[in-house]
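S.K.: Order-wise, the sequence lines are chains A and B.
So for the first sequence, my numbering puts the first residue at 4; every next one is plus one.
So for the second sequence, my numbering puts the first residue at 4; every next one is plus one.
Note that these hints are calculated values from the structure, not bench results.
In this text, a Cβ means the ideal position worked out from N, Cα and C, and glycines have one as well.
Hints may be right or wrong, so weigh each one.
[Said to hold, decoys possible] In silico SDA-like links for lysine to any residue, alpha-carbon gap of 25 Å or less:
#, chain 1, residue 1, chain 2, residue 2
1, A, K352, B, K396
2, B, K396, A, N200
3, A, K352, B, R31
[Said to hold, decoys possible] Over 12 Å on every C-beta distance to chain B, these chain A residues come out as not near it, computed from the model:
#, residue
4, R148
5, G149
6, R219
7, V259
2 protein chains.
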Amino acid sequence: MKRHRLGVVGAGQLGQMMHQAAVSHGIRIHFLAEHDGDPAVQVCPSYEFGSPQSAAELGRFAAGCDVVTFEHEVVDLESVAVLERAGVVFRPSSTVMSSVADKIAMRRAVEEAGLSVPPWRIAADLGQLDAALGAWPHAVLKLSRGGYDGRGVFMVHSLSEGHAVGEQLLTGTTVLLVEPLLAFTLEAAVVVARRPNGDCVVYDPVRTMQIDGQCRQVVVPSGMPPGLDEQARVIAVQAAEALDVVGLLAVELFLVDGGLVVNELAVRPHNTAHHTIEACTTSQFDNHVRAVLDLPLGATGLTCVAAAMVNVIVDADGRDPADHLDAALALDPGAHVHLYGKTARPNRKVGHVTVCDDDADRAAARAWRVVAALHGDVPIELEIERQIERQVKRQEGIG
Amino acid sequence: MKRHRLGVVGAGQLGQMMHQAAVSHGIRIHFLAEHDGDPAVQVCPSYEFGSPQSAAELGRFAAGCDVVTFEHEVVDLESVAVLERAGVVFRPSSTVMSSVADKIAMRRAVEEAGLSVPPWRIAADLGQLDAALGAWPHAVLKLSRGGYDGRGVFMVHSLSEGHAVGEQLLTGTTVLLVEPLLAFTLEAAVVVARRPNGDCVVYDPVRTMQIDGQCRQVVVPSGMPPGLDEQARVIAVQAAEALDVVGLLAVELFLVDGGLVVNELAVRPHNTAHHTIEACTTSQFDNHVRAVLDLPLGATGLTCVAAAMVNVIVDADGRDPADHLDAALALDPGAHVHLYGKTARPNRKVGHVTVCDDDADRAAARAWRVVAALHGDVPIELEIERQIERQVKRQEGIG
Chain A
4 MKRHRLGVVG
14 AGQLGQMMHQ
24 AAVSHGIRIH
34 FLAEHDGDPA
44 VQVCPSYEFG
54 SPQSAAELGR
64 FAAGCDVVTF
74 EHEVVDLESV
84 AVLERAGVVF
94 RPSSTVMSSV
104 ADKIAMRRAV
114 EEAGLSVPPW
124 RIAADLGQLD
134 AALGAWPHAV
144 LKLSRGGYDG
154 RGVFMVHSLS
164 EGHAVGEQLL
174 TGTTVLLVEP
184 LLAFTLEAAV
194 VVARRPNGDC
204 VVYDPVRTMQ
214 IDGQCRQVVV
224 PSGMPPGLDE
234 QARVIAVQAA
244 EALDVVGLLA
254 VELFLVDGGL
264 VVNELAVRPH
274 NTAHHTIEAC
284 TTSQFDNHVR
294 AVLDLPLGAT
304 GLTCVAAAMV
314 NVIVDADGRD
324 PADHLDAALA
334 LDPGAHVHLY
344 GKTARPNRKV
354 GHVTVCDDDA
364 DRAAARAWRV
374 VAALHGDVPI
384 ELEIERQIER
394 QVKRQEGIG
Chain B
4 MKRHRLGVVG
14 AGQLGQMMHQ
24 AAVSHGIRIH
34 FLAEHDGDPA
44 VQVCPSYEFG
54 SPQSAAELGR
64 FAAGCDVVTF
74 EHEVVDLESV
84 AVLERAGVVF
94 RPSSTVMSSV
104 ADKIAMRRAV
114 EEAGLSVPPW
124 RIAADLGQLD
134 AALGAWPHAV
144 LKLSRGGYDG
154 RGVFMVHSLS
164 EGHAVGEQLL
174 TGTTVLLVEP
184 LLAFTLEAAV
194 VVARRPNGDC
204 VVYDPVRTMQ
214 IDGQCRQVVV
224 PSGMPPGLDE
234 QARVIAVQAA
244 EALDVVGLLA
254 VELFLVDGGL
264 VVNELAVRPH
274 NTAHHTIEAC
284 TTSQFDNHVR
294 AVLDLPLGAT
304 GLTCVAAAMV
314 NVIVDADGRD
324 PADHLDAALA
334 LDPGAHVHLY
344 GKTARPNRKV
354 GHVTVCDDDA
364 DRAAARAWRV
374 VAALHGDVPI
384 ELEIERQIER
394 QVKRQEGIG
């Protein structure tokens with residue numbers, strides 16, 4: 004039997020969901036994990052511990068795999084390049100990973116592909132930063148490397164505020180990407196899967212909502228005019244081809260003045276496409292596995308009219324959403340509750356809820372209600388119902 | 004964090020698919036496996052080896068679990084009963100398992116629930132068998148215990164043929180269930196999930212097709228008049244309540260002379276509901292896990308107009324369908340190809356293909372085409388296309 008042995012660098016929830024998808028096709032994944040209890044390690048028997056920053060450990064890991072792919076970008080890419088020259092197959096390649104690991108390299112790559120990006124400048128020192136802030140006092144400062152989920156991104160509203168942030172950040176070899184704070188109409192995202200031979204499939208663009216820089220809600224259809232949905236798809240395919248991506252490419256877009264500009268890229272399964280598990284014929288995880296193993300890609304169409312996904316992020320008080328699984332499942336028998344098995348810590352993403360519905364707004368409202376239940380909050384109408392019941396019982400007791 | 008520890012006796016493909024479903028909710032399964040390489044053991048890190056026929060091994064296994072459920076019926080039920088008295092929670096219970104492990108006990112239980120069954124007699128010796136065959140020369144002889152997937156079931160067409168089969172089978176304590184060969188219009192199946200508190204959800208009835216006694220194709224909607232679909236649902240709920248099933252109950256039905264009779268019961272995820280993974284809001288595996296852990300059940304409605312599932316059974320020549328995964332995925336990007344990772348042996352069930360479509364017959368046709376591709380067969384229209392291409396190339400070469 005031809006058995007694919009797919010190596011995945013990283014063992015978080017994206018790896019966990021890749022494993023669930025791979026299992027269906029008889030495909031077995033081997034994970035490079037960093038911590039005991041990583042989400043993928045909890046559910047997959049094949050893994051080893053090691054650091055993707057260590058050339059030796061990465062090399063040892065890759066030796067047992069036909070193909071190696073990634074679940075995150077925090078990898079020593081020079082080691083990956085050395086291993087590639089020794090014949091190890093990484094998908095996406097170190098070249099592609101380099102183009103997205105550094106936000107400045109990413110901007111350049113997108114511009115070279117002929118696609119629109121927001122205005123941007125490099126600030127390697129305070130002088131360059133002040134000059135940029137002089138032009139854009141309302142600005143976004145981004146660490147060129149290492150940021151994710153809103154970390155490493157700072158919004159400032161005056162030159163002095165921006166200067167103060169820069170004083171903290173601009174140490175050593177740190178370089179900042181500076182952009183004007185854009186008055187965008189909405190944020191969208193689109194995911195494309197691409198095989199080594201160039202075959203592509205694209206998912207429907209989604210509308211995303213960030214809170215504190217973290218993706219909180221995703222809705223599909225995007226609600227953009229059909230022309231823009233099509234434009235978003237074309238942008239995604241162009242970017243995937245220009246960068247020669249193999250696997251998934253997620254493109255985050257701003258709609259500014261009626262046009263789309265590319266904000267960010269990621270070359271892995273993406274939080275803006277978790278709804279594809281239930282809302283599309285083939286999930287992003289399934290298509291990622293197929294693409295990197297050079298297998299034919301699956302259909303990406305929606306299987307419902309609309310869908311919404313809301314992330315489950317632990318409250319400041321650290322309450323564990325898993326303690327309220329029962330209440331969440333009871334609240335909406337049609338919702339899809341995903342919990343990754345991660346230990347609850349304030350502000351940590353530990354799951355997501357997807358709802359398919361005939362109406363996107365209703366799907367979102369239903370998903371938020373289930374998320375509230377996971378946080379131990381009782382929806383207001385249920386609370387009212389309970390209070391009325393109590394009232395009635397009291398009156399019956401009196402009467 | 005409240006972490007459910009669910010023990011599953013058996014580690015075949017049903018366990019594998021239970022694991023995939025449980026993972027999504029942060030629920031972790033611990034398997035009692037019998038062989039290295041069992042499908043669930045390939046994909047889940049938590050298991051131990053032991054025989055469900057050994058009281059000691061079953062007891063050791065159950066000790067680490069909050070709740071224990073089953074993936075098959077080949078279990079020493081006396082040991083289960085002893086462990087239950089010691090406080091171990093089995094769902095379904097040993098009482099329920101006993102009612103379905105023996106086909107004669109099952110028939111009695113169904114009749115006691117007030118439901119229709121085919122005419123039947125017990126044959127414990129050749130005299131009783133001959134008497135039954137005298138009434139029904141066209142008959143089905145079933146071993147009361149240990150049969151599955153068509154094994155242990157024998158169709159005979161005369162008294163002498165039946166007598167000869169009986170001579171082979173009626174040794175030791177063997178008892179046969181004898182039925183007339185029914186001229187049924189169709190075979191249907193319906194699955195219900197039930198919690199300890201009696202809460203139930205029922206799936207849409209399906210139409211099934213057996214070849215050599217093995218389930219080969221499942222189609223939904225069933226194509227029965229709506230009244231019969233509703234009747235099938237009611238039968239399933241009545242049977243689940245009468246037996247006090249916790250978990251899943253699958254009811255196999257014959258439509259005979261316009262009425263439904265109960266043929267078989269199973270208290271576990273069932274081959275006739277594999278399509279629920281993609282075609283229903285909540286899969287049977289998800290609802291089985293929820294039911295036995297006493298969690299609220301998920302919605303069972305179809306998310307598509309129609310669906311078909313066709314089993315992948317290894318050909319007599321032993322060719323491995325996994326070797327043709329590429330061709331199968333290429334043939335139909337909308338099909339759902341499931342391979343369990345089992346070693347290919349002639350006549351072994353190693354996977355299934357599900358297709359959702361707007362039309363049940365088209366869904367079935369598509370699923371069969373993909374299954375043919377897994378067997379290494381090229382669909383006729385593709386073969387014709389290839390031959391024409393070759394012809395054209397030859398002519399171009401000449402011209």
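S.K.: Does each hint hold? Answer for all of them.
M.R.: Outcome of the hint check:
{"no.": "1", "hint": "A:K352 / B:K396", "result": "violated, 57 Å"}
{"no.": "2", "hint": "B:K396 / A:N200", "result": "holds, 24 Å"}
{"no.": "3", "hint": "A:K352 / B:R31", "result": "holds, 19 Å"}
{"no.": "4", "hint": "R148", "result": "holds, 32 Å"}
{"no.": "5", "hint": "G149", "result": "holds, 29 Å"}
{"no.": "6", "hint": "R219", "result": "holds, 20 Å"}
{"no.": "7", "hint": "V259", "result": "holds, 34 Å"}
The earlier numbered hint that this structure contradicts is number 1, and it is the only one.
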